[in-house]
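Undergrad: Construct the complete structure from the given sequences, taking the supplied hints into account.
Each chain, written out:
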Amino acid sequence: MRRRMRGLVVTAVALTSALSLASCARDTGTQNNGAGNTGNKTGCTLAPKPPAASTTASSSAQDEQVDGSKLKVGLAYDIGGRGDASFNDAAAAGLDMAISKLGVSKDNTKELTASPQESEDAKQTRLRQLASEGYSPIITVGFAYSDALKAVAPQFPDTKFAIVDATVDGAPNVTPLIFAEEQGSFLAGVAAAYKSKSCHIGFVGGVETPLIKKFEAGYIQGAKAAAPDIKIESKYLTPAGDNSGFQDPPKGNVVAKGEIDAGADVLYHASGASGKGVFEAAKTANALAIGVDSDQYNQATVADFKDVIMTSMIKRVDVAVYDYVKAVAKGDVSTLPKVFDLKSDGVGYSTSGGKVDDIKDVLDGYKGQIVDGKITVKDTPGN
Amino acid sequence: MNVVRGKLLPPVLAIVFAALLCSIALLVSGGNPASALTAMVAQVGEGTTAVDIVNSASVYYLAGLAVAIGFQMNLFNIGVEGQYRVGAVVAAIVGGAISLPAGLHAAVIIVVAALAGAAYAAIPAILKVTRGVNEVIATIMLNAIAAGVVAFLISQDAFGVLRGNNIGTAEIAETGWVPGISFGSNGTVFGLVLLAAAVGVGYWVMMNRSRFGFELRASGESATAASAGGVNAKRMVLVAMLLSGAMAGLVTMPELLGRDHTYLITSPTGYGFTGIAVALLGRNHPGGVALGALLWAFLDKSALALDNVGVPKEIVTIMQGTIVLSVVVAYEIVRRLELAAEQRRVGRQNSGNGGAPGQPAGASAGGV
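Protein chains in written order, with the working numbering: chain A, 1 to 383; chain B, 1 to 368.
These are calculated hints, taken from the structure and not from any lab test.
Here the structure is a predicted model, which is why all the values come from computation and not from measurement.
Glycine included, C-beta positions come from ideal geometry on N, C-alpha and C.
Mixed in with the good hints there might be a few duds.
Rough simulated footprint, nothing fancy, chain B against chain A, three-plus residues with beta-carbon under 8 Å [claimed, not checked]:
no., segment
1, 124-131
2, 141-147
3, 164-171
4, 237-245
TA: Shown next, in the form of C-alpha cells:
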C-alpha cells in the first residue's frame, strides 16, 4: 500500500517535471518568432490595422500660472488612503502636484481616510469636519462618498466639493471627476491581443462591481476588435460587497494562475493591490501582464515583477485632482472635461519598459478612432 | 459591594488597561496620548457625533443580543454576520417592491427581515439538530455563502439597480421609512433605536421571567443536567438559533428604514463580528450589552476625530481588541477569585458542621 503510494508520488513528480520541461521548451521555441505577425501559428489572426492617427500629441502648453496659495484643500480618501498604490495614491499625487505647482500650502491641506466597514454617518461626519473647518475644495475619492455628499453638500453651499468616479445629482457645488476606463481598457485589450502568442488572454477583476466591469468590457471589446477569434478568460476575486478582492495578492495569484493554466498568456488586472499576485503568477509562468490605474512598471511595490508588465492602463486620477484644484483656484470649474477620457488624456496607456513600442502605431490608431467617435466602447461586458 | 466588584470592576479595569496600552503605542510611534484622548472625549459634543454614537450603538446592540442569545446556552452563532446581511437584503428587496400604507409598510419590512434572518439561521440549526454538525463551522461557512448570495441578490441580474458606479436594491418608498427624532443640526436619532430598546427589554423578560429562558440558561450551565430535568436539547438548539437569526435579521433595520432606504454593495459589513465583541463585553446581559454597544460605537466614531487631529486612527482598533481581550481575562480572574473565596467559605462551614469535606453545598438538593 505504502509502496504503491510512493510509486504514485514518484510518477507524479516525474510527470510534472517532464511537463514543465516540455513547456519550457515550447516557450523557448516561440521566443524567436516575435509578435505582431498575422496568420502565424503563434499569435492571433489579427484584424486589419486601423489607419495611423493624425495627431496624438496633446497640447499641454497652456500651463499658465495659477495661484492656489489661498486654497485650503481637503481630501477624503476611500479605504486604504494615501499609500495604497492604487487610486487613493493617485489622488494623493494630484494633491502633491497642486502643492508644488500651484503654491497650495501643505499646512492648508488635510487628508482623511475611511475605515474599513464604516457606515454612512462616518463618511458624512468626515466631510462635515472638513467643511466646517473651512476647507474648500474638498475632494472625495471613490463613489462610496456619493450618498454622503448628497447629504452634506447642500449644508455647505459655499464649499466646493468634487467626487472621483461618481456624479451627484442635485448638488451644484459638487464637481464629478469621472473617467472612461473602458476606453483605456480597450487599448489594453488591443495590446494583449497583439502580444499573445497563444491568442488567449485573461482579465482579473478585483471586486465584481459596475466600475470594474467597465475595465473588463473595454478590454474584451478591444481584444476582439484586434483579433476577432481571440479567447478571453475573465474572473473576479470577490463578489460585490466584499472589498477584500482589492487587497488580496494571494488570491490574485491563484486566479491568475488558473487563467494561465487555461491557456492565457497575457493578463490584465483591475484589482488594486491584488495585482501584485497577478504579476507574480505571470512572472512564474513566463507570461505577460498589464497594469492598471498608474504606470505600474515604475511602481515600487511591484518592482520585482516589472519585466512582465508590458504596459499599464492609466487612469489619471492625479491629473483630474490637480486640474480640479487648479480650476477652483481660477474660479471656474466649468472648463474641466465632463468625462476624463482618451480625448482629454484622462485615460491612456504607458510605454515604460518599451514592450509595446513596436505596436505603438496600432494603439494610437485605435485611440484615434475612439477619439473621433468611429469606435464606441461599451461600458458593460456582455456579448 | 460584591456586585460592583464582580460586574463593574472588570470592564472598568479593562478600559483603563486598554487606554494605557494605546498610550504606550502612541508614545512609541511618536504621537501624543493626551491630545488623542482629549480628541476622543471632545468629539462627543461636536456636530452629530453623539447622535451617531446612539444610532450605531442601536445596530451593535441588536447584533450583540443576537449573539448573546446563543451564548446563553453555549451555542456559538458566528453566523450573525451572514444572517443579518441576508435579512437586510431580503427586507430591502421586499420593501422596495411593495407599496403599503405608512406604518404597515415598515412593519412588514421588519417582519420580513426577522423571518429572513431566522430562515438563514435555520440551516445551521437543522444541520446541528439532525446531523450533529458543529454550528461554529457551519455558520462560518454560511457567512461566506451569504456574501455570495447577497452579491447575487443585489446584482443587476437579480434585483439590483445601478446608481452611478454603485448598485443597490430599489429604493424603499417613503411609506416604509421610519421617522427619527430630530436634534436639529446635531443629527437625527433613528426611530428604530426604540425597536432595539424593546428587543432588549423583551430579551431580559424572556431570559429571566419565562420558562424558555430558564431552560435556555439551564442548557448553557449544564446540557446533561438540563436534559435530565426534561429539557429537550434539540428543541432548545433549534429555537435559540432561530431567535438569534431573527434578531440578526433586525440588525440593519434602524439604518435601512431610518437613513439608507436601500442596501448597496458599499453597505457596511462586519456588524455580526462586532456583535460577538459586544456580547462578550456585556456578558450576555441586556444592560451590559447596551453599555458594550455604546462603548464600541464611541470608539468607532473616535476614529474620525483622531484622523482629524492627525493621530493614526488604527489606534482605535488596537483599543477595541485590547478591551475585549482584557475584559474576558478580567472576568475570568474575578470568577476564579470568587470561586476560591466560595470554596474557602464552604470549607469553613463544612469543617464547622462536621460535614464531608469537598462535598459542594447543595449537591444533593436536586438529587433523585
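Undergrad: Hint by hint, say whether it matches the structure.
TA: Evaluation of the provided hints:
1. 124-131: holds (count 5)
2. 141-147: Holds: 4 residues of the segment 141-147 of chain A have a Cβ under 8 Å from chain B.
3. 164-171: holds (count 3)
4. 237-245: With 5 residues closer than 8 Å to chain B, the segment 237-245 of chain A meets the three-residue bar; holds.
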